[in-house]
Amino acid sequence: MNEGGLVLLAILLTSLIPGLVIFFLAETSVRLRTAINLAGALLKLLLLLWVMYRVGQGDIYELRWPFLPGIDLVLRADYLAVFFGTLSAVLWLLTTLYAVGYLEGSPHRSRFFGFFSLCVFSTTGIALAGNLPTFFVFYELLTLTTYPLVVHRGTAEAFRAGRVYLVYTLGGGVVLLLGVVWLTVLAGPADFAHPAGLEAVYAQQPITLALMFALLVAGLGVKAALFPLHGWLPVAMVAPAPVSALLHAVAVVKAGAFGVVRVVYDVFGVDLLDRLELGLPLALWAAVTILYGSLMALRQDDLKRRLAYSTVSQVSYIVLGVALLGPLATAGGLVHLVHQGLMKITLFLCAGNFSEVLSVKKVSQMAGIGQRMPWSMAAFSLAALGMVGLPPLVGFYSKWYLGLGALESSYPAFVLVLLASSLLNAAYFLPILYTAWFVAPRADVPRPSQSGGETSWMLLLPPLATSLLVLGMGLLADAPFSPLVWARRFAQGEYDP
Amino acid sequence: MSELPWIVWAVLIPLAGAVLAFLWPAQGARVALLVWLGTGVAVLGLSLQLIQSGVQRYAVGGWHPPLGISLHADGLSTLMLLLTALVFGPIMLYALAYFKNPAHPFWALSLFLWTALNALFVSGDVFNVYVSLELLGLSAVALTALGGQARALVAAYRYLLASLLGSLVYLLGVGLLYAEYATLDLQTLGRVISLDPASAVALALMTTGLLLKTALFPLHFWLPPAHASATAPVSALLSGLVVKGSLYLLLRLWLEVFPTEATSGLLLGLLGAGAVFWGSLYALRARELKPLIAYSTVAQLGYPFLAFPMLGAGGEVVVVYFVLSHAFAKAAMFLAAGSVLLAFGHDRLSELRGLLQSLPLSVAAFALAGTSLMGLPPSGGFVAKWLLLQASIAAGQWLWAVVALLGGLLSAGYVFRILTRAIADPKQPAQPKAAFPMVELVALALAIVSVLLGFLALPVLRLLEVGR
Chain A
1 MNEGGLVLLA
11 ILLTSLIPGL
21 VIFFLAETSV
31 RLRTAINLAG
41 ALLKLLLLLW
51 VMYRVGQGDI
61 YELRWPFLPG
71 IDLVLRADYL
81 AVFFGTLSAV
91 LWLLTTLYAV
101 GYLEGSPHRS
111 RFFGFFSLCV
121 FSTTGIALAG
131 NLPTFFVFYE
141 LLTLTTYPLV
151 VHRGTAEAFR
161 AGRVYLVYTL
171 GGGVVLLLGV
181 VWLTVLAGPA
191 DFAHPAGLEA
201 VYAQQPITLA
211 LMFALLVAGL
221 GVKAALFPLH
231 GWLPVAMVAP
241 APVSALLHAV
251 AVVKAGAFGV
261 VRVVYDVFGV
271 DLLDRLELGL
281 PLALWAAVTI
291 LYGSLMALRQ
301 DDLKRRLAYS
311 TVSQVSYIVL
321 GVALLGPLAT
331 AGGLVHLVHQ
341 GLMKITLFLC
351 AGNFSEVLSV
361 KKVSQMAGIG
371 QRMPWSMAAF
381 SLAALGMVGL
391 PPLVGFYSKW
401 YLGLGALESS
411 YPAFVLVLLA
421 SSLLNAAYFL
431 PILYTAWFVA
441 PRADVPRPSQ
451 SGGETSWMLL
461 LPPLATSLLV
471 LGMGLLADAP
481 FSPLVWARRF
491 AQGEYDP
Chain B
1 MSELPWIVWA
11 VLIPLAGAVL
21 AFLWPAQGAR
31 VALLVWLGTG
41 VAVLGLSLQL
51 IQSGVQRYAV
61 GGWHPPLGIS
71 LHADGLSTLM
81 LLLTALVFGP
91 IMLYALAYFK
101 NPAHPFWALS
111 LFLWTALNAL
121 FVSGDVFNVY
131 VSLELLGLSA
141 VALTALGGQA
151 RALVAAYRYL
161 LASLLGSLVY
171 LLGVGLLYAE
181 YATLDLQTLG
191 RVISLDPASA
201 VALALMTTGL
211 LLKTALFPLH
221 FWLPPAHASA
231 TAPVSALLSG
241 LVVKGSLYLL
251 LRLWLEVFPT
261 EATSGLLLGL
271 LGAGAVFWGS
281 LYALRARELK
291 PLIAYSTVAQ
301 LGYPFLAFPM
311 LGAGGEVVVV
321 YFVLSHAFAK
331 AAMFLAAGSV
341 LLAFGHDRLS
351 ELRGLLQSLP
361 LSVAAFALAG
371 TSLMGLPPSG
381 GFVAKWLLLQ
391 ASIAAGQWLW
401 AVVALLGGLL
411 SAGYVFRILT
421 RAIADPKQPA
431 QPKAAFPMVE
441 LVALALAIVS
451 VLLGFLALPV
461 LRLLEVGR
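These protein sequence lines map, in sequence, to chains A and B. For the first sequence, the numbering used here begins at 1 and goes up steadily by one. For the second sequence, the numbering used here begins at 1 and goes up steadily by one.
Don't take every hint at face value.
As the list claims (entries may be wrong) - Taking beta-carbon pairs under 8 Å as the criterion, some of the chain B residues facing chain A (in silico): (1) Leu376; (2) Ala401; (3) Leu405.
Since the hints were derived computationally from the structure, they do not count as laboratory data. Just so it is clear, CB atoms sit at the ideal spot from N, CA and C, and this is done for glycine as well.
Please model the complete structure; the sequences and the hints are all you need to start from.
The following block contains the structure:
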C-alpha cells in the first residue's frame with residue numbers, strides 16, 4: 001500500500017469513524033458530538049485540499065483491495081474525484097454547523113449525526129471510486145445511510161416518504177447493478193483511469209453496448225432525478241432542512257449526476273458515445289427534465305417543493321452539458337455540479353430558517369420577510385439570482401458555458417432550452433424576491449423574538465458563507481483552482497489528449 | 001504437528017463431547033465450550049494441512065475403500081467445517097446466557113448436531129453420509145422440541161416426519177446405486193456411473209430426499225413452524241447450519257457423482273425461483289418476528305438453487321457463497337430476535353416501535369444482517385449476488401439474474417418492515433425486562449461477520465479451489 005493510498009483511506013475514515021463513534025454518545029453530550037463532527041469535517045477538508053494540490057502537480061493517489069477474482073475495489077484521486085470530493089467536504093462542514101443549530105434540543109440527535117457522517121462517508125467514496133464496482137458499493141451505501149435521515153422526523157408522512165425513497169432508489173440500484181455486472185462480464189472491470197475493452201464489444205455487438213449504457217444511465221437517473229424517475233425527490237422534502245439541503249446540493253442527486261459524468265467520460269468515452277449516437281437521446285432526456293422541472297416549480301406554493309422541482313431541473317443541466325459531447329458544454333455541465341450545489345444549499349438553508357423562525361413555509365406567506373429576516377433573505381436572493389443566471393454570480397458561468405457548448409455542438413437548438421429554462425427560473429424566483437422585499441409584511445407573521453440577530457449564528461453563518469461563495473466564485477471565476485478552471489482543464493484533457 | 005489426522009479429530013472431539021454432556025449433564029455447558037476450543041483447533045489444523053498439501057484423506061482403521069470407511073476433506077469440506085465452527089461458537093456463548101442453565105439438554109443435543117454436521121462434511125461415501133444425515137435430522141428434531149410449548153412439539157413432530165421421509169427416499173436411491181455398482185464411495189461412483197434408467201431413478205430419489213431436508217419450495221412446508229417455534233439459539237442453528245448440511249451434499253453429488261448430462265439444473269433453478277418469491281411474500285405478511293425470519297430462510301434457500309443450472313460454469317462458487325453469507329446473517333437475525341423475546345416476552349411486529357431505543361445493538365444486528373440478506377454492498381450477500389449475476393450473464397441465462405434482482409427488492413421489503421418499526425417513536429415506551437448486553441453483542445458479532453464476508457471473497461474462493 002503506497003502512501004497516497006493511505007491518505008485516501010484517511011479521507012474516508014475522517015467521516016466513518018466520527019459516524020460510528022457518535023452512535024455511542026449520549027443524547028446530552030452535545031459539545032463532544034459537535035467537536036467530533038467538526039474535527040472530522042475539517043480534517044477531511046484539509047486532506048482533500050492537500051490531495052487536490054498534489055494531483056494538480058501530477059501525483060497519483062490510489063488504493064486497491066481485491067474484491068473478487070480479477071476485480072479490485074479501487075479508490076483513486078483524479079480530477080473529477082477531487083472536484084466532487086472537495087465540494088462535498090466544504091458543504092458538509094457548513095451544513096454540519098447548521099444542523100447543530102437547527103436540531104438543538106430535538107430528540108435522536110446522536111442517531112441523526114451518526115448517519116449524517118456515514119452519508120458523507122458514502123458520498124466521499126462515490127467521489128473517490130476508481131471503477132464501476134467500487135462506485136456501485138458506495139452508491140448503494142448512500143441509499144442505506146440516507147434513509148434514516150429522510151424518516152428522521154418519525155411522522156407517518158416521513159415514513160411514507162421514506163418508503164417512496166427506498167422504492168425508487170433500490171429499484172434504480174437494481175437496474176444499475178445489472179448494467180455494471182454486464183459490463184464487467186463483457187469488458188472486464190476497467191478502471192476509470194484506463195477505460196478500455198469496450199472497442200472490441202462495439203465491433204461485435206453495438207446494440208448490446210447501447211443497451212448497457214441505457215441501463216447504467218437509467219439506474220443513475222433515479223438519483224439524478226431525471227423525469228419521470230424524479231418522483232421521490234419532492235416527497236423526500238419532509239426531511240429536516242439540513243438533510244434536504246444536502247440531498248439536493250451534494251449527496252443523492254449529485255451522486256447520480258456524478259455517476260453519469262463518470263459513465264460518459266471514463267467508462268464509454270466521448271468518442272465511442274459519438275459513434276453509438278447516444279449523446280442526442282441523453283441530451284433530449286435532460287432537456288425534457290429541465291423544462292418539466294421548471295414548469296412544475298412554477299406551480300408550487302410550498303417553498304421547499306418549489307426548490308425541489310427546481311433541483312430536478314437544474315441537475316439536468318449537468319447531464320445536458322455532459323451529453324452534448326463537446327469541451328465547452330462539458331466544462332459548463334461539470335462546473336454546474338459545484339455551482340448548483342452552492343446555490344441550492346443556500347436556498348434550502350434559508351428556507352429552513354424561514355420555517356424555523358417564522359413558521360413560513362409557503363411562498364404566499366413570504367410577504368415582507370426581507371424586513372423580518374434581512375440576512376437570510378439577502379443570502380436567498382443572491383442564490384436565487386444566481387439560479388436565474390445573473391452575471392457575475394456563478395450560475396451565469398454555468399449557463400454561459402453550456403450555451404456556448406450547445407452552439408458549437410451538432411445540435412445548437414439546445415440553446416433554446418437553456419433560454420427557456422432561464423426565463424422559467426426567473427418566473428419562479430423573481431416573484432419570491434419581489435414579495436419578500438417589496439410587499440409589506442402581514443400582521444400575523446410574528447417578529448423574531450430575540451433581540452439582536454434574526455436567529456442563532458449557527459443557522460445564519462452557513463447560508464451567508466455559501467451565498468458569498470456564489471458571488472465570490474463568480475468574481476474569481478478565472479483564478480487558479482477555481483472550479484471553473486478545474487472543469488475547463490478536465491474538459492481540455494478529455495477532448496485534446 | 002502436520003502429521004496428526006486432524007480430519008478425524010474434527011469428528012471425534014464433538015462426538016466425545018456429546019457423549020460426555022449426555023452422561024454428565026451438569027457439566028454440559030463447560031464441555032460444550034471445551035469442544036468449541038478443541039474442534040476449532042482441529043479444523044484450523046486441517047485447513048493448514050489442506051493449504052500446504054492439498055486434499056486430505058484418511059482411511060479409518062487402515063481399511064481403504066471399497067471395504068472400509070474413508071474420510072475425505074477438500075476445500076469445500078474444509079470451508080463448511082470452518083463455517084460450522086465459526087457459527088457454532090457464538091451460538092454456544094449466546095445459549096449460555098439465554099438458557100442460564102449449564103445442565104440444559106441443549107448442550108448434549110447441539111454437540112450431537114455438530115458431530116453429525118462435521119461427519120457429513122468429511123464423509124467419503126454415500127452410506128456414511130446417510131448415517132450422518134440421520135443423526136443430523138434426529139438431533140435437530142430433538143432440539144426443536146426443546147421449545148416445550150405445544151406449538152413447538154407439533155412443529156418438531158412434522159419436522160421428524162419430513163426428515164425421516166427425506167432420509168428414507170435418499171436411502172432408496174443409495175440402495176439402487178449399490179445394487180448396480182457395488183460401491184458406495186463417492187469418488188468411485190463418480191467415475192463408474194452411467195446414465196441408465198436405474199441410475200437415473202436413484203439420482204432422482206436421492207435428490208428429492210435431500211430437497212425435502214433442505215426445505216426447497218415446494219417441500220418447505222415443515223420449515224417455518226419448526227424454525228419459528230424453536231428457542232432462539234436452536235433456530236439459529238437450524239436456519240444457519242442444519243439446512244446447509246443437505247444442501248452441501250446436493251452440491252457435492254451434483255458436482256462430483258452425477259453424470260453431467262443427467263443434471264439438467266433447470267428444474268432446480270425454477271424451484272429456487274419459486275422459493276424466492278413464495279418465501280418473500282410470506283415474510284412480507286408475517287405478523288411476528290421469528291416467522292418472518294423463518295420465511296426469509298425459505299426465500300433465501302432459493303438463491304443457491306438459482307445457480308444449479310450453472311454448476312461447472314461458476315455456479316458452485318455462487319452456491320457456497322450464498323451458504324456462507326446466509327449462515328452468518330440468519331444466525332444473527334434469529335439470535336437478535338431471541339434478544340427481543342428475552343426483553344419483552346413477545347415478538348409481535350406491531351409492538352416493536354421504538355426498539356432502537358431499548359435494544360440498539362439488536363437493531364444494529366438486524367440492519368447489518370439485513371444488508372447481507374438484501375444483497376446490498378458491502379456484504380457477503382452482495383458478493384454472492386454479484387457472482388450469481390456474473391455467472392448467469394456469462395452463461396446467457398438471464399432468468400436467474402432477474403430473479404435474484406427482484407428477490408433482492410422483496411427481501412428489502414421484509415427487512416425494512418423490521419427496521420422502520422424499530423426506528424419509529426413508540427406511543428408508550430416499552431421497558432425491557434432487563435439488559436442483555438452479552439446476548440445482544442453475540443448477535444451483532446455474527447452480523448458484522450456477514451458484512452465482512454463482502455471483503456473476504458478472495459481467500460474464501462482460494463480455499464474452495466483446493467481439490468477442484
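Practice prompt. With chain A as the partner, please determine if Ala401 (chain B) meets the hint condition of a C-beta pair closer than 8 Å.
Written response: The hint holds - Ala401 (chain B) has a Cβ within 8 Å of chain A, the shortest such distance being about 7 Å.
Worksheet item: With a cut-off of 8 Å, does the beta carbon of Leu376 (chain B) approach a beta carbon of chain A closely enough for the hint to hold?
Response: 5 Å, holds
Discussion item. So, as I understand it, the hint says Leu405 (chain B) touches chain A; can you test that by seeing if any CB pair is closer than 8 Å?
Written reply: 5 Å, holds
Hint compliance for this structure: no hint is broken.
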